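**Q** Sequence:
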Amino acid sequence: MSGFLFVVPPLVGHINPTVGVAAELTARGHRVAWASADPGLVRRLAGDEAAVFPCAGPVLTGEDGVRPAELRGPEALKFLWERFLVPLAEAMAPGVRAAIGEFGPDVVVADQQAFAGGLVAERLRVPWATSSTTSAEFTFAEALAGMPKVADWLDTLLHELRGRIGDPSGTADPRFSPHLVLAFSTPELVGSGVGSGAEAGAGGRIRWVGPSMATRPTSAGFPWTWLDPARATVLVTLGTANTDVGARFLAECRDALRSRADRVQAVIVDPANVLGAQADLDDLNDMDDKDDKDVLIRSSVPQLPLLERVDAVVCHAGHNTVCEALWHGVPLVVAPIRDDQPVVAGQVVDAGAGIRVRFGRVTAPKLGAAIDAVLHEPGYRTAAERIRTAFRAAGGAGAAATHLEELAVGAPFKEAP
4 MSGFLFVVPP LVGHINPTVG VAAELTARGH RVAWASADPG LVRRLAGDEA AVFPCAGPVL
64 TGEDGVRPAE LRGPEALKFL WERFLVPLAE AMAPGVRAAI GEFGPDVVVA DQQAFAGGLV
124 AERLRVPWAT SSTTSAEFTF AEALAGMPKV ADWLDTLLHE LRGRIGDPSG TADPRFSPHL
184 VLAFSTPELV GSGVGSGAEA GAGGRIRWVG PSMATRPTSA GFPWTWLDPA RATVLVTLGT
244 ANTDVGARFL AECRDALRSR ADRVQAVIVD PANVLGAQAD LDDLNDMDDK DDKDVLIRSS
304 VPQLPLLERV DAVVCHAGHN TVCEALWHGV PLVVAPIRDD QPVVAGQVVD AGAGIRVRFG
364 RVTAPKLGAA IDAVLHEPGY RTAAERIRTA FRAAGGAGAA ATHLEELAVG APFKEAP
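Each residue of the sequence shown is one higher than the one before, starting from 4 at the first, in my numbering.
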């Protein structure tokens, strides 16, 4: 039996992929614990019985922190690193040290945006693995070769951070463990050439394990009988962090889909009720007075079970949503907003599994045309199904757990074919 400590930022999209891995390790008889700045969020996603060591740091509700929505490009990158990633690492470091001291893990599993995990583990001489919940980081690492000033700036930030919370003599990039990097995707989506630059920095330890799918707590009351098997169903979602900028886009989606009501019905996820049309959840037996029969609007949905029933997904190109859709062989219309989303959207388009539209400018007619294409042109579904096959063959949580077990016992690392 080995012990595994997952160090995660307080971000839904970064915790969810590790939940299945933790559950698999627990099922195999290992000890599992978490270190996070938001223990309540971890327990909500991983289960009430999850052992969580609290760390200091901001308690966030979105996938990308507290960055203002209007920031783009270099300004967004600067904000992300200077105002979120580095301060979060410094705030979490004492809690991570205490967790390692009390829990005694054989391996620390550090999220790629929770730098404290890798840096503190390096300082305490504990083997550590990287949890890479988005493959965009590999693309970014390669792109830095063409941006020497940005690369030098980031190197300086990391060097100074290591001096404060890690081993000043250490050399590992906290985004890429020299022992093991678990990438929750496959080359069939990200492209066969992606990762080559990052792989050198990670010591050849990248393992493409595919999405980690796990049963999640779901809210009761989704009206499954509302779904009409005679029509195609489209799911529209912008994830958990984009409600502040989604009103116009969701309205255009609603209009585009309602105009196709003779052949399409839609489920729109609207956490902030920007469309002003939430149904009364107290009585779901009679939908006639609460939702029309063409567009169902909900603050949240049981996404994984619902993806088994939908024919297309319209989303912001968040990595988790994209991978969950493709796990089910569902083609996409992607409208990236910021951060890694343009990179992930590009992967979807390059793989032939979807169409990209402009989040801030797309109109209902253009959205409708894109939805029609992914629903009715067979190439998109064929590509999505090809990626689904690759995802499922990669092994997911089980493969990730096996790699972590090998690291824990010090087994020689076997190079992937």
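Please keep in mind that the hints were generated in silico from the structure rather than gathered at the bench. In this text the structure is predicted, and so the values were computed from the model without any measurement. Where a beta carbon is used, it is the ideal one built from N, C-alpha and C, also for glycine. Please note: incorrect hints may appear among the correct ones.
[Said to hold, decoys possible] 20 Å max Cα-Cα, derived DMTMM-like pairs, lysine to aspartate or glutamate: (1) 296 - 231; (2) 152 - 78; (3) 81 - 163; (4) 81 - 158.
[What the hints assert, rightly or not] Pair ranges (Cβ atoms, derived): (5) 312 - 173: 22 to 30 Å; (6) 352 - 166: 35 to 43 Å; (7) 226 - 380: 25 to 33 Å; (8) 232 - 170: 54 to 62 Å; (9) 412 - 127: 17 to 25 Å.
**Q** Measure nothing beyond the straight line between the CA atoms of residue 81 and residue 158; if it is 20 Å or shorter, mark the hint as holding.
**A** holds, 13 Å
**Q** Return holds or violated for the Cβ distance of residue 232 and residue 170 against the range 54 to 62 Å.
**A** This hint holds: roughly 59 Å between Cβ atoms.
**Q** How does the Cβ-Cβ distance of residue 226 and residue 380 compare with 25 to 33 Å: does it lie in that range?
**A** The hinted range 25 to 33 Å holds for residue 226 and residue 380, with Cβ atoms some 30 Å apart.
**Q** Evaluate the given range 22 to 30 Å for the C-beta pair formed by residue 312 and residue 173.
**A** Cβ of residue 312 to Cβ of residue 173: about 49 Å, so the range 22 to 30 Å is violated.
**Q** Holds or violated: the 17 to 25 Å window for the beta-carbon distance between residue 412 and residue 127?
**A** holds, 19 Å
**Q** Taking only the CA atoms, is the gap from residue 81 to residue 163 under or equal to 20 Å?
**A** holds, 16 Å
**Q** Just to be careful, I want the Cα atoms of residue 152 and residue 78 compared with a cutoff of 20 Å; is the pair within it?
**A** Holds, at about 14 Å.
**Q** Please test the hint of 35 to 43 Å on the beta carbon pair from residue 352 and residue 166.
**A** holds, 41 Å
**Q** Has the given pair, residue 296 with residue 231, been kept, meaning a C-alpha gap of at most 20 Å?
**A** holds, 9 Å
Hint compliance for this structure: hint 5 alone is broken.
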